[in-house]
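Build out the structure end to end from the sequences listed, making use of the hints.
There are 2 protein chains.
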Amino acid sequence: MKKSVNYNYAFVFYDVGEKRVQKVFKVCKKYLSHFQFSVFRGEMTPSKFIALRNDLKKVIDENEDFVCIIKLMNDNVFGEETLGKSDHETGEALIL
Amino acid sequence: MKKSVNYNYAFVFYDVGEKRVQKVFKVCKKYLSHFQFSVFRGEMTPSKFIALRNDLKKVIDENEDFVCIIKLMNDNVFGEETLGKSDHETGEALIL
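In order, the protein sequence lines correspond to chains L and Y.
So for the first sequence, my numbering puts the first residue at 1; every next one is plus one.
So for the second sequence, my numbering puts the first residue at 1; every next one is plus one.
One should not assume that every hint holds.
[What the hints assert, rightly or not] To give an idea of the interface, some chain Y residues facing chain L are shown, with a C-beta separation under 10 angstroms as derived from the structure:
1. G42
2. C68
3. G79
[As the list claims (entries may be wrong)] Okay, derived cross-link-like pairs now, DMTMM-like style, lysine to aspartate or glutamate, Cα gap no bigger than 20 angstroms in a straight line:
4. L/K57 / Y/E81
5. Y/K26 / Y/E43
6. Y/K85 / L/E18
7. Y/K58 / L/E81
8. L/K71 / Y/E43
9. Y/K71 / Y/E18
10. Y/K48 / L/E80
11. Y/K71 / L/E81
12. L/K58 / Y/D15
13. Y/K57 / L/D15
14. Y/K85 / L/D65
15. L/K19 / L/E80
16. Y/K57 / L/D65
17. L/K48 / Y/E81
18. Y/K85 / L/E62
19. L/K23 / L/E80
20. Y/K85 / L/D15
21. Y/K29 / L/E81
22. L/K71 / Y/E80
23. Y/K29 / Y/E18
FYI, nobody ran anything at the bench for these hints, they're computed from the structure.
Beta carbons: idealized from backbone N, C-alpha and C, even for Gly.
Right, dumping it as structure tokens:
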């Protein structure tokens, strides 16, 4: 039986219709911190993953929108580099 | 001395000015596969990471653009879930 992995960290990025951007943003904000325009990240728990997925399913249009959840064991298994505007304001102000 | 980690997989996402989107797209395409509008992913090597970063620095405007490179040890350390349009065409056709 495949060993089930406990994921404790996540990146979420989405590409959704303009009418639903705010709703998806709000759902993600409940579970994760806003990182970049359509990218969220943060610590997660198995039960929070389930709740996030269910909440997202309620607000997206499965025929038009696209959401990707990258689940990581913890925040030690990845490295990170940013180029350009490092003090990239989270862009929340730009959510109209 | 901190053990240096060999990263062999990467996600790259970017938020760049319209005038530079095609150039950044082309650079990423040299090293990774296109996953979603502004997201690339794929297997990497330490030397490819260096080359990718140098190529990106040549085309972005460090004061306006934002690129994030998430480096992973391999493709076993993360899980993935997508919601919505799973047959999400890579959007390459949408690059004007």
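Given the hinted pair L/K19 and L/E80, is their alpha-carbon gap at most 20 angstroms?
-> Roughly 32 angstroms between the alpha carbons, so the hint for L/K19 and L/E80 is violated.
Verify the proposed pairing of Y/K71 with L/E81, using a straight-line Cα cut of 20 angstroms.
-> 8 angstroms, holds
Do the alpha carbons of Y/K57 and L/D15 lie within 20 angstroms of each other, as the hint requires?
-> 26 angstroms, violated
Is it true that the CA of L/K71 sits at most 20 angstroms from the CA of Y/E80?
-> Measuring from Cα to Cα gives roughly 6 angstroms; hence the hint holds.
Given hint Y/D15 paired with L/K58 - CA-CA distance at most 20 angstroms | Roughly 27 angstroms between the alpha carbons, so the hint for L/K58 and Y/D15 is violated.
20 angstroms limit on alpha-carbon distance, applied to hinted pair Y/K48 and L/E80 | 15 angstroms, holds
Please work out if Y/K29 and Y/E18 have their alpha carbons no farther apart than 20 angstroms.
-> 17 angstroms, holds
Hinted pair Y/K57 and L/D65, Cα distance within 20 angstroms = 31 angstroms, violated
Hinted pair L/K71 and Y/E43, Cα distance within 20 angstroms | Holds, at about 17 angstroms.
Have a go at the Y/G79 hint: is there a Cβ in chain L nearer than 10 angstroms to its own Cβ?
-> 4 angstroms, holds
Proposed proximity, L/E62 with Y/K85 (alpha carbon, max 20 angstroms) | This hinted pair holds, its Cα atoms lying about 6 angstroms apart.
Please work out if Y/K85 and L/D15 have their alpha carbons no farther apart than 20 angstroms.
-> 10 angstroms, holds
Consistency note: the structure conflicts with the earlier hints numbered 1, 9, 12, 13, 15, 16 and 19.
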